[in-house]
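From first to last, the protein sequence lines stand for chains A and B.
For the record, in the first sequence the residue sitting at position 80 is 80 according to my numbering, with numbers rising by one throughout.
For the record, in the second sequence the residue sitting at position 11 is 11 according to my numbering, with numbers rising by one throughout.
Accuracy of the hints is not assured; some may be wrong.
[To be verified] BS3-like, lysine-lysine: derived pairs with alpha carbons at most 27 Å apart:
1. A/K99 - A/K2
2. B/K57 - A/K45
3. B/K14 - A/K99
4. A/K79 - A/K2
5. B/K57 - A/K42
6. A/K99 - B/K71
The set of hints was computed from the structure by calculation and includes no laboratory data.
Here is how the chains run, residue by residue.
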Amino acid sequence: RKEVEQDPGPFNVPEGATVAFNCTYSNSASQSFFWYRQDCRKEPKLLMSVYSSGNEDGRFTAQLNRASQYISLLIRDSKLSDSATYLCVVSVSTDSWGKLQFGAGTQVVVTP
Amino acid sequence: DTGVSQDPRHKITKRGQNVTFRCDPISEHNRLYWYRQTLGQGPEFLTYFQNEAQLEKSRLLSDRFSAERPKGSFSTLEIQRTEQGDSAMYLCASSPQGGDEQFFGPGTRLTVL
Numbered sequence: 001r002k003e004v005e006q007d008p009g010p011f012n013v014p015e016g017a018t019v020a021f022n023c024t025y026s027n028s029a030s031q032s033f034f035w036y037r038q039d040c041r042k043e044p045k046l047l048m049s050v051y052s053s054g055n056e057d058g059r060f061t062a063q064l065n066r067a068s069q070y071i072s073l074l075i076r077d078s079k080l081s082d083s084a085t086y087l088c089v090v091s092v093s094t095d096s097w098g099k100l101q102f103g104a105g106t107q108v109v110v111t112p
Numbered sequence: 001d002t003g004v005s006q007d008p009r010h011k012i013t014k015r016g017q018n019v020t021f022r023c024d025p026i027s028e029h030n031r032l033y034w035y036r037q038t039l040g041q042g043p044e045f046l047t048y049f050q051n052e053a054q055l056e057k058s059r060l061l062s063d064r065f066s067a068e069r070p071k072g073s074f075s076t077l078e079i080q081r082t083e084q085g086d087s088a089m090y091l092c093a094s095s096p097q098g099g100d101e102q103f104f105g106p107g108t109r110l111t112v113l
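Looking at chain A on its own, in the form it has when it is part of the complex (with noise of 0.2 Å):
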């Protein structure tokens, strides 16, 4: 089993309308969750980082479920500049730094 499992999609979704899609993680002791973003045949960029509390940036919401040891996103009003792979990362602290875990990733197209 993956330590972090997202769904592939792909999400097809139309201009302006909402997303939203989980990924689980394995790891009861990930400490710090993260989205990333990754364009085809680029590198992964930090799209916000999740907090326990949920926490929003502009059209972008994540939320955590530690419990449940699953992380949210959800894409409001969606822009065909959104079209992209989302991967869900968690990081597991050692004693000096946090391992990153990444999910495959899901992809999300938006179309006109």
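With chain A's structure known, arrange chain B on it following the hints.
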């Protein structure tokens, strides 16, 4: 450009050859990471440096792989006797001490024929 840079961006090699990749992190980032990413998968951790010290290596990093960061600045990743299964994107990332976010370079895409 003050981001993470990697060189080369693409490498095509024949099976059995050795290859070396370079990563230049963001200046003053003392943490440096190497990842490997194959199609349809997320990046997989390979190794981590804090300054010049290599603090962790993944089991994915076989004896044919070696990484160095001799002066705590740039890093190199060498693959000896390449195999077709080594074909992947090799990503480097850096972060400052105490920082959560890792900043990724554009990657080196390796194709082993």
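So, going through the hints one by one against the coordinates:
1. A/K99 - A/K2: holds (15 Å)
2. B/K57 - A/K45: holds (23 Å)
3. B/K14 - A/K99: Violated, at roughly 33 Å.
4. A/K79 - A/K2: It is violated: about 31 Å lies between the C-alpha atoms, which goes past 27 Å.
5. B/K57 - A/K42: Since the Cα atoms of B/K57 and A/K42 sit roughly 25 Å apart, the hinted pair holds (cutoff 27 Å).
6. A/K99 - B/K71: holds (23 Å)
Consistency note: the structure conflicts with the earlier hints numbered 3, 4.
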